[in-house]
Amino acid sequence: MAQSFAQPRRSVILTVLMAGLVAYSLFPLLWLLISATKTQDMLGDSFGLLPAGPFALFDNIAEVFTHQDGIFARWFGNTIIYVVAGAGGATLLATLGGYGLAKYRFRGRAAIFATVLGAVAVPGTALAVPTFLMFSEIGLTNTMWSVILPTLVSPFGMYLMWVFASEAIPTELLEAARVDGAGEWRTFFTISLRLLAPGVVTVGLFAIVATWNNYFLPLIMLSDRELYPLAIGLASWNADAVGIGAAPVFHLVITGAVITILPIVAVFLLLQRYWQSGLSAGGVKG
Amino acid sequence: MNITRSTTRVAAAVATALLATTLAACSGGDGDGGGSAEGATAEEIEAALQEGGTIDYWTWTPQAEEQIEAFEAAYPNMTVNLTDTQGGEQHNTALTNAIAAGEGVPDVAQLEYQSVPQFQLPGLLTDLTAYGFDEHEALYTPSTWGSVAQDDGVWGLPQDSGPMALFYNQEVFEANDLVVPETWDEFVEQAQKLKQSDPDKFLFNDDGNSAGNVTSLIWQAGGHPFQVDGDTVTLDLADEGTQKWAGVYQQLIDDDLISHITGWSDEWFQALDDGTIAAMVVGAWMPGVFADGAPQASGKWRVAPMPTYDGTPANAENGGSSDVIPVGADDPVLAAGFLQWLNADPESIKVFMDAGGFPATVAELGAEEFLGYESPYFGGQKINEVLAGGAEDVVEGWQYLPWQSYANSIFPDTVGQVYFDRSSMLDGLAAWQEENVRYGQEQGFTVNG
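Residue numbers (numbering that gives the first Met the number 0), protein chains in the order written: chain A, 0 to 285; chain B, 0 to 448.
Mixed in with the good hints, there may be bad ones.
[Claimed, not checked] In silico SDA-like links for lysine to any residue, alpha-carbon gap of 25 Å or less:
#1 B:K381 x B:T307
#2 B:K194 x A:Q39
#3 B:K200 x B:E181
#4 B:K200 x A:G47
#5 B:K200 x A:D44
#6 B:K349 x A:G47
#7 B:K381 x A:G244
#8 B:K200 x A:Q67
#9 B:K192 x B:E373
#10 B:K349 x A:Q67
#11 B:K200 x A:Q39
#12 B:K200 x A:F46
[Said to hold, decoys possible] Sample of chain B residues lacking proximity to chain A, with all beta carbon distances greater than 10 Å (derived):
#13 T92
#14 A129
#15 N175
#16 P345
#17 G365
#18 V446
[Said to hold, decoys possible] For the chain B half of the interface with chain A, some residues (derived, Cβ under 10 Å), not all of them:
#19 E65
#20 L94
#21 D255
#22 Q295
Since the hints were derived computationally from the structure, they do not count as laboratory data.
Backbone N, C-alpha and C fix where the C-beta goes; we use that ideal spot for every residue, glycine too.
This is chain A alone, in the form it adopts within the complex (with noise of 0.2 Å):
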C-alpha cells in the first residue's frame, strides 16, 4: 500500500526523539508539581523528583493565600485585571486594524503596513524605558494605566489578524452583503467576526500569554506592592529569601507558581481547537 499523509510512516528513531524532547520539557512541570507537596524544610533535603516528607500541598496552598495578609489573591486579582483589560484590548484592537488593514484600500495603506511589520520586529523590552519616560510625563506611572495601555498595542497580533483577514474573508462575500444593504458595522459584525473567529483566539491567546507572563514593563512602572502581577509578587517573595532580615519561603513561591501556571494551562486546553486551526489558515489556498 502506497504512503500517505492520511498514513503516516512509522518511525522508532523518530518517537524516541519526540518522546526524549517531551519528556525534557515536561521535566520542569513534574519538578515544580512534586516540589510543590513539599515543605519548605523538605525542599533542599529531598531529591526533587520524588515525593518526601509529609504531603503539605493543601497547607502551601492555605499559607500561599494567606501569606502576608493574602496579598497573593491581589496579585491573581491584578493580573486577571491586566489579561482582560489589557489582552482583551489588544486583541480588539488588532481585530479591527488587521480586517482594516486586509478589506479596505485607503491612502497610506502601505505605510501602516510597512510600520506594522517593522513595530514587530522591535522587542517590547527596548520600549519600556521610553514608555517609562512618557508615561511619568503625563503621571500616570504606578497606576494600573501604566500596564494596560503599552498592553493595547500588539503589532504581531494585528499583522496575523490582516493575514488571516486576506485568506479567511473572501471579498466577494462582502461585497453582497454591501449589494443586500448592510452598513460595513453590521457587515463587520454578523459575517466578518464570525470568520475571523479563529484568529481572534489565536491573537487573544498569544497576548493572554504575553501579558501573564509580561514581567518587565509592570517591574518599572509599578511600585506600589498592591499593583503587582503575579510575576512580579513571585519575584518578591523570591526576594525575600535575601539580606538582612530574609525570610526565605521557597515553598511558597513554587506553590504560588503552580497556581499561577494553572489558568494558562486551562485556557491552552479549552482554546486548543480554535488555535490550531487559526495558525493553519492561510497555509493553504482554497
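Chain A is fixed; fit chain B onto it per the hints.
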C-alpha cells in the same frame, strides 16, 4: 540569585539611565548638588508632628510595622503609609523611577549605605542639616555616620549596622579538629584541613556574584579602592589593602577551598542547616537569618571576631542601611519628624532591636541588656558582645562608588570569573576597574584609574 541576575542587571541599567535623565533635568536648576530644603527647627518639627498628617514610608525592614504602630501611638494625629519594597536593586529602581516621575515619591525611604552616594551626588536627597540633624552625630557609630554624612551634608540617619564577624559551625569544627581562626592565614589553613578531612564540606562559600561581600572584605583589609570627591572619582583596585585581600582569596581559589553554592538560594540555606558550609564571614545582622533559614542547625553555630591580617582588630560594615528623605517628598517637615523618631528615638530603636534588628547607635550597642543577651540559637553564647565589639573596630574612610549598584552588577563578569577559571584575582580586579572607569566616564564623571 542566578535566575534574577540578568533582570537585576537590566534593572540596574534602567535605573542608571533614568538617573542620567534626572541629572540632565536637574542641571538646569541651581545645581547645588542637593535638595535646597527650607529646613525647620526642632520645635517646628515637634509642632508639625503634634498637628499631624500623613506620610509615605518605603522600607523592607521586617521591623517597620511594629515601629510604625509605636510611632502612631506616640503621635496620634500622624498616619504612616507603609510600602514594603524589596531590598536592594528593586527598591532602588522603584525609588529612582518615582523621583524621576515626580509622582508617588515617598516622604521617607530606606537606602542601603552603599547606595547613598548614588542618590546623593545627583541631588536626589534632602540635606538634613537644615533640620538640625547634624547634631545627632554623637548618637551613631563613626562608620555608619560616615556613610550618611558626606559632601558637607547629612543625607539620612543610620538605621542598622553590619559590622562583620566570623560565624562558624562548632559541631563541624569539633568533628574535624579545626580551631577558630584568628588570622586570615589560619583561616586558609583551616579551610585546607577541612577539605582533607571531609571533602564534602567547605569552610567558605562565595559564588562570585556578590560584590558586597568582597568590597566589605577589601574594606577590612584597609583598602580604599574608591575615592569620591564631588564629580571626581578615583579608582584603585590594586592598592595595598585590596592586594592583601586578593592574596588570601587567591589561595582559597587556587586550592579549590571555596564552595560555589549560590548565596541566598534554597541550596545555600540547606547547606547552612546541614553543615556543608562550616563558616562564613558576614554582617552582624546574620543571626536572625540563621534562625529563620537554618532552623535545624539551632545550637550548633557560634560567633567569633572576624579574622585579621596581623592580629590587630579590624572590621568593616557589611550591608546595613539608612533612611533618607528624597527630593520631592510631599511634606519634608513631617518626614523629618518621622525619620528622627524612627532612627534616633530610643523607643523606636528598642522596638527595632526587640524584633531582631542590629542597631547603629552607640548607646544601644553598649547597653548591658543588649550585650548580656544569651542567644538560644547560638547555644546560649553572648553573641552581641562579639558583634558589638566588631563595630568599634570598623576601619574609617571607606567610600562607595556613585554607581555602586551598576558596578556590583558587572562584578560577576569580571572578578566573579576568577572563582571558576582560577585565574589571577588581580587581573579580575583590573578588569572590573577598567569597566568601571569606562562606565563612570560615560556617566559624565571625571574618573581617574
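Results of checking the hints against the structure:
no.: 1; hint: B:K381 x B:T307; verdict: holds (21 Å)
no.: 2; hint: B:K194 x A:Q39; verdict: violated (29 Å)
no.: 3; hint: B:K200 x B:E181; verdict: holds (20 Å)
no.: 4; hint: B:K200 x A:G47; verdict: holds (21 Å)
no.: 5; hint: B:K200 x A:D44; verdict: holds (16 Å)
no.: 6; hint: B:K349 x A:G47; verdict: violated (43 Å)
no.: 7; hint: B:K381 x A:G244; verdict: holds (20 Å)
no.: 8; hint: B:K200 x A:Q67; verdict: violated (36 Å)
no.: 9; hint: B:K192 x B:E373; verdict: violated (31 Å)
no.: 10; hint: B:K349 x A:Q67; verdict: holds (24 Å)
no.: 11; hint: B:K200 x A:Q39; verdict: holds (23 Å)
no.: 12; hint: B:K200 x A:F46; verdict: holds (19 Å)
no.: 13; hint: T92; verdict: violated (7 Å)
no.: 14; hint: A129; verdict: holds (27 Å)
no.: 15; hint: N175; verdict: holds (22 Å)
no.: 16; hint: P345; verdict: holds (21 Å)
no.: 17; hint: G365; verdict: holds (22 Å)
no.: 18; hint: V446; verdict: holds (24 Å)
no.: 19; hint: E65; verdict: violated (12 Å)
no.: 20; hint: L94; verdict: holds (8 Å)
no.: 21; hint: D255; verdict: violated (23 Å)
no.: 22; hint: Q295; verdict: holds (7 Å)
In terms of the numbered hints stated before, the structure departs from hints 2, 6, 8, 9, 13, 19, 21, listed from lowest to highest.
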